[in-house]
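Residue-level listing of the chains:
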Amino acid sequence: MTQQENLTALELSRRTRSGDLSVVETTRRYLAEVAQRNPPLNAFVEVWSDAALTRAAELDHKRAAGESTGPLFGVPIGLKSNLCVTGQLCSCASKMLSNYRPTYSATVCQRLLDADAILLGCTNMDEYAMGSGTEYSIYGPTRNPHFASGPNEVPEGYSPGGSSGGSAAAVASGIVPLALGSDTGGSIRQPAAFCGVYGLKPTYGRVSRFGLVAYASSLDQIGPIATTPEDLELLFQVIQGSDRLDATSLSREKVQQVEATLGHKSLKQLRVGIIREHFEQDLAPTVRRALEETKEYLKSVGATLVEVSLPKQAQAIATYYLIASCEAASNLSRYDGMHFGHRAQVPEKSATLEQVISASRGEGFGAEVKRRIMLGTYALSHGYAEQYYQQATRMRQAIRQDFAAAFAEADVLLGPTTPAPAFPIGAHRQDPIAMYLTDQFTVSANLAGLPAISVPIELANFQPDESRLPVAVQFHAPPCGESRLFSVANALHERNQSAKSGAEA
Amino acid sequence: MDAKPQDVTGEVTMDVVRHLERLAYLQLSEVDRASLVGDLSKVLGYARSLTRLDLTDFEPQTHAMDQANVMRADEVQTSSTLEQALANAPQVASPYLQVPRVLE
Amino acid sequence: MSTTTPSSLSVQTIIGLEIHVQLATRSKLFCGCSTRYGQPPNTQTCPICQGLPGTLPVINSLAIDLAIDVGLALEMELVSGCRWDRKHYFYPDLPKGYQTSQYDLPITRKGHLEFRDPTNAETICSVRINRAHLEEDAGKSLHGEGVDGGTWIDLNRTGTPLLEIVTEPDLRSAQEAKAFLQQLRTILLYIGVSDCNMQEGSMRVDANVNLRIDNNNETVATPIVEIKNLNSFRNVERAIEFERDRQLQHWRATGERMGQRPKQTRGWDADREITTVQREKEEAADYRYFPCPDLPPVVLSVEQIAERRRKLPRLPQQWKSDLISVWKLSDYDASVIVEQGRDMAEYFEIVARISQDGKRSANWITQEIMRLLNEQQRAITQFPISAQQMGELVAAVAVNEIDHARAREIFALWLEQPLSLGEAKQRLGIASISSDEVDQLVADIVAQHAAAIDDYRQGKKQALGPLIAQAKKLNPNVSPAKFREALLRVVEG
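Line by line, the protein sequences are chains A, B and C. Each residue of the first sequence is one higher than the one before, starting from 1 at the first, in this note's numbering. Each residue of the second sequence is one higher than the one before, starting from 506 at the first, in this note's numbering. Each residue of the third sequence is one higher than the one before, starting from 610 at the first, in this note's numbering.
Just so you know, these hints were derived from the structure itself, not from any lab. Model, not experiment: these values are computed from the prediction. Heads up, the beta-carbon is just placed ideally off N, CA and C, and yes, glycines get one too. A couple of the hints might just be wrong.
With the C-beta cut set under 10 Å, the calculated list includes, among others, these residues of chain A facing chain B [unchecked claim]:
| # | residue |
| --- | --- |
| 1 | SER217 |
| 2 | GLN221 |
| 3 | GLN281 |
| 4 | LEU283 |
| 5 | PRO285 |
| 6 | THR286 |
| 7 | ALA314 |
| 8 | ALA329 |
| 9 | MET338 |
| 10 | ARG371 |
| 11 | SER381 |
| 12 | TYR388 |
| 13 | THR393 |
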């Protein structure tokens, strides 16, 4: 796709809108591209060719008729497989829902269609969004497009991260310019970091969750993945906004009021908080250098760096896994094989209902999902809820207060997205805690409901023995402070562009 | 009836796993059970320092945001068609969903 | 109520009730599906109440308002910041695998309800209400209908708003339980929060029953039994009576006490008039209650509560005292009308306001109208004569424009045909007659019945009766009172 390969969503929609490119032609080329490039990556699990082409033809007619066109006119988008679109597969990469086709569409998907986007298909993920590697999937693992093929010391390739690894890999490989993921503990930011693209976890409540298959309801947020901050913001603006179908979505008035309080800050006015506890952790050398180069750059453009402390960070992972597992155990109660999803074939004459339900769930869920259901069931069960679930909710409050204190001193907070770049596929298969720790810097934003962005950093130079895998940094902002994140990301994007041309030169 | 989880130390035994399996209606294989004894012990062990902190000064936070009174008016909306209502059911005896015999 | 048995045992029945009341909203608790009863199976569901993955609940604000109304009517404490909890259990009529309910912060708690002692009308009983909380209803299972004895599921009812009212174990007999429920139902109907239709399941009762037995200076309690889903007052009464006898017998046979056996759930078999074991829990169910993260709490403001209080329809007690003080009804008449329900009380009030004669209005309603409604098993809302018409008729009688006998003719005609008062009078030839016409009639009668007049003059006062009847025959429009007056003027003058 030489002609379109490097087109951003913004450029693409400009050209389809002007008639320079036909939407049908463009869509055909993207579909051909998926067919050709997806197999080694396994980023998409189903491509919706017919619906995409039908939609594309409608859009071409619409333009020809002189009707107004939406902001994502003709832009193909990949959807994580936990987002509902009427009649399309929504499997959550689980045997439980391997044939499930919802009878309604998620609010975000409806907004994409209203914005004239093309829904190209659904992407791979960790089952029910539980995982950090896009490995726990009935479709097998997705590969990170970086070093996915060609000789290297990792024969299976690298993980794209997870759980939105399919979406991140699809964008990073250029198969689609945009994709949606969901982020419960880092599931957008960590794969974005591993794949070298931008990923945003919005403020809790800014994007409707209606139609997002729930993992942990008080932590889940849908967010965009893109190759530039401009595209990221474009997609965010389309999907965000109050929704009467989601009682936890923030009202427009509330958002406007908070945004007005935050005000606008130029880079020169910006106080960047350096999260002491995150910098003190054991970080891979390239991650540490990315942080140092980011600090240098921000200083050079006039921002002020201040050290801030989030004292309860050491408890964040345990807090997150307890809360997320409790909510997951509850949310996943609906998969009983009675109304939808997998039902086990148990000889009915002798089976009790409990046996049929237990067998359906036992067969339908994979190991990691079972692990979290069991953990959540334990932490909510009689005699333990106080000690585990409630204690975790108190710690959640403490973590949120830590952030509030930090934001009194800084406008955004800087830290790593992940401790290290992408790990080889299968590296954490045996050790759940090691895998959970890859989320140690991302879970806090979900616990506190804050917006956070992962920004890829082009290192000025690599040491000869160093991994060339993408690295990234993360910024947190106060609730509804997404625009601060976009402006910091835009600045770093410019820096990346010049670093890249410097390296190429 | 299987034993209830008795210990408060986060030590997970096979009995605890079997009890949880019944609570969660989640049938496990022997292999699953064995690995869960280890995994749950590890994860709960990891969480132990959290359970020992005095956090009584912090109000439990069960929702991400401090919101209240988000409601809808009492208005009737169009329901699904019967076809849609039964579309994903594993077994159907239209106009009903069918489930296995309930033995009390 | 204590029963002393021959073996000098004193046995007391201890009863607590849980009443599920379907709230009168048009749409469900968390989605916009209609709550209409009796629709074809699975046609009143949507992705939300089907529990499809990804769907979210949004609270129906009217359900909150109606729950506040109940809280106000039962003088309960209203809980600001009430919360929603998920109660987890697996059952095919519960698509989400949990019921969204209220656990430790219900919308209202701690109230009481007074009612007349069924065995002694002078005594007022008071029952403490522990709490009333909102929750969603489950669907309907039709067991053994499918092939291989499979169960059919209809989710139309899933998500219908229920208010579960829980009493303290303050009731002491089946009759008391019934009287309490009748009073509760009357109140709920008056404030319009539910149609309380027990046949359609909009009011369902669970009764927790056990016995306290005094046996030779030792008091023992029998294990508590919960009788589920009683759908008529009669069934409540019969089931409790049965359970009392069964538990006493069982105790005599086994000596089993509370704590020696887990709480048992039994069902009422109305055909065989017995309770049967449904489930015996070997351990307390672990529902893993947990605050629903999808639903923000509901914070009731002082203004909102004041507004509901202002709009709260008059309670039955208030109606009764109004009928007594404003319309001068007897305590008995007022009670009879109020107990018929709000529609009847409102009907009465309109009739009384138009006729300006409360006593006469009450007589018509309690004697004529209620007798007919009873015979035809109909509600006042289905009665063919409107309150306005009745008011005009009673008014006409009150000012002697029409006598009672002719009024009854009009009443009978109205039952058949919707006519105005004027039309009915015309149809029946009812016209007012002048005093000249009355005098002429008197003259005619006196001329024709000289003997009777003589009898009267000699002290046989009853001799005038047949003359009045005769006059009425000659001219049905003549008022017996006016005729009698004119006749006496002539006869005694």
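Against the structure, the hints come out as follows:
1. SER217: This interface hint holds because 9 Å falls under the 10 Å limit.
2. GLN221: This hint holds: A:GLN221 lies near chain B, its Cβ roughly 9 Å from the closest one there, short of 10 Å.
3. GLN281: violated, 16 Å
4. LEU283: violated, 21 Å
5. PRO285: violated, 27 Å
6. THR286: At 27 Å from the nearest chain B Cβ, A:THR286 fails the 10 Å test, so the hint is violated.
7. ALA314: This interface hint holds because 8 Å falls under the 10 Å limit.
8. ALA329: Holds: closest Cβ of chain B sits about 7 Å from A:ALA329, inside 10 Å.
9. MET338: Result: holds, 5 Å to nearest chain B Cβ.
10. ARG371: Status holds, d = 6 Å.
11. SER381: With Cβ-Cβ at 6 Å, under 10 Å, it holds.
12. TYR388: holds, 6 Å
13. THR393: holds, 4 Å
Hint compliance for this structure: hints 3, 4, 5, 6 are not met, and every other hint is.
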